[in-house]
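*Asks:* So the protein sequences, as listed, match chains L and V. No gaps in the numbering here: position 19 of the first sequence is 18 in numbering that gives the first Met the number 0, and each next residue is one more. No gaps in the numbering here: position 126 of the second sequence is 125 in numbering that gives the first Met the number 0, and each next residue is one more.
It is worth saying that the hints were derived from the structure and are not from the lab. This one's a predicted model, so the numbers in the text were calculated from it and none came from an experiment. Every residue, glycine too, gets a C-beta built ideally from N, C-alpha and C. Treat the hints with caution; some may be incorrect.
[As the list claims (entries may be wrong)] A short, non-exhaustive set of chain V residues, derived as facing chain L with CB atoms under 8 Å:
#: 1; residue: Arg-26
#: 2; residue: Phe-83
#: 3; residue: Val-86
#: 4; residue: Pro-87
#: 5; residue: Arg-90
#: 6; residue: Leu-96
#: 7; residue: Tyr-98
#: 8; residue: Gly-105
#: 9; residue: Ala-107
#: 10; residue: Leu-110
#: 11; residue: Gly-132
#: 12; residue: Tyr-152
#: 13; residue: Thr-158
[Unchecked claim] Label-pair distances were calculated between CB atoms; the ranges are:
#: 14; chain 1: L; residue 1: Ser-23; chain 2: V; residue 2: Ala-41; range: 31 to 41 Å
#: 15; chain 1: L; residue 1: Glu-4; chain 2: V; residue 2: Arg-120; range: 48 to 58 Å
#: 16; chain 1: L; residue 1: Thr-66; chain 2: V; residue 2: Gln-116; range: 40 to 50 Å
Number of protein chains: 2
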Amino acid sequence: MDAREAVVAATQEELIENGYDGLSVERVAQRAGISVATVRDAWGDADALVDLLFDEFGEHELVLMNTGSVDTDLRALAAGIAAFYGVPRLRATFRALVYSADRSRGAAESLRRFWTQRLARAAEPVRRAIAAGDLPAGTDPIEVIRMLGAPFYYRMFITLEPLDDALAERAAAAALAAARAGVLTRQAS
Amino acid sequence: MDAREAVVAATQEELIENGYDGLSVERVAQRAGISVATVRDAWGDADALVDLLFDEFGEHELVLMNTGSVDTDLRALAAGIAAFYGVPRLRATFRALVYSADRSRGAAESLRRFWTQRLARAAEPVRRAIAAGDLPAGTDPIEVIRMLGAPFYYRMFITLEPLDDALAERAAAAALAAARAGVLTRQAS
Chain L
0 MDAREAVVAA
10 TQEELIENGY
20 DGLSVERVAQ
30 RAGISVATVR
40 DAWGDADALV
50 DLLFDEFGEH
60 ELVLMNTGSV
70 DTDLRALAAG
80 IAAFYGVPRL
90 RATFRALVYS
100 ADRSRGAAES
110 LRRFWTQRLA
120 RAAEPVRRAI
130 AAGDLPAGTD
140 PIEVIRMLGA
150 PFYYRMFITL
160 EPLDDALAER
170 AAAAALAAAR
180 AGVLTRQAS
Chain V
0 MDAREAVVAA
10 TQEELIENGY
20 DGLSVERVAQ
30 RAGISVATVR
40 DAWGDADALV
50 DLLFDEFGEH
60 ELVLMNTGSV
70 DTDLRALAAG
80 IAAFYGVPRL
90 RATFRALVYS
100 ADRSRGAAES
110 LRRFWTQRLA
120 RAAEPVRRAI
130 AAGDLPAGTD
140 PIEVIRMLGA
150 PFYYRMFITL
160 EPLDDALAER
170 AAAAALAAAR
180 AGVLTRQAS
């Protein structure tokens, strides 16, 4: 395990246990078994550690398929989201990251940037389907992905309901139905 | 202004300014100009104050119409949500309440209860439309309302994007399109 990996793992543990308020370069360095100076040189403060974790999450298993069927591709994407949040450690880390946005402007900025990049990448199968004429011209690919993802986060952070087994299937099907109805078109405004 | 109103207003200000961690019976009493003993008798601790605020929000302008058209009813409901979060003070309070769920198990319980009641009430126009045969039999009314609301909260708390002007219209239309496609049916599980 190199220094970066050790710092990622330690940041994750610290965030899960103590939240953003408990996150510090000193504690992460101690947990990672690395000198404070080394950690501080590469990641200067708590916000830099949060940003590092978002980078790491950005690499995570976004299920992007190209089966020729946008329905299959989006079902796989939604199933991937469900599988991700089915892992308690990943779910706990992401929860702590989202709540960090309330504690720090820097963390909020990292969260925003994370989603801008993530949504753009996840929209690839939708872009292909529009180009192929499988979804209405003028459909906003990012909006389709927002619609697919929103139900997961709504339950996790707003209504605090469990993610039931059928959610992935339903979220993908609902986003596709809305797109096919021509509802998810680009905004004039 | 009676004591309850004064305490509601003071709790709201305290939460907006200092978040859940800064919320205390003492500070709220001082702000409301009421004795600590009086506040404590009625609302014993910070969680009781949070719960009071959820009660108050539960009374807030849920736009429930009965026009005979579920499309019109749900567009009005979504426009009502947009209008609500367009008021900076209400939005700031609700943000603080949602983030409170990360700081306290009691606040999380209040948030969960708030949504259980709110979703059940908001689903009334959908129930009527199903009974009238305007939406497919087997449609889950609560799930239609979740689908309509999720995009607002996804932007406010997850992607940290603005609520654009067309969002209400789009959210209502998307939920209806998904319901009409038969995607939002009751779970067997």
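*Asks:* For this structure, which hints from the list above don't hold up?
*Replies:* Hint check: 1, 2, 3, 4, 5, 6, 8 and 11 fail, others pass.
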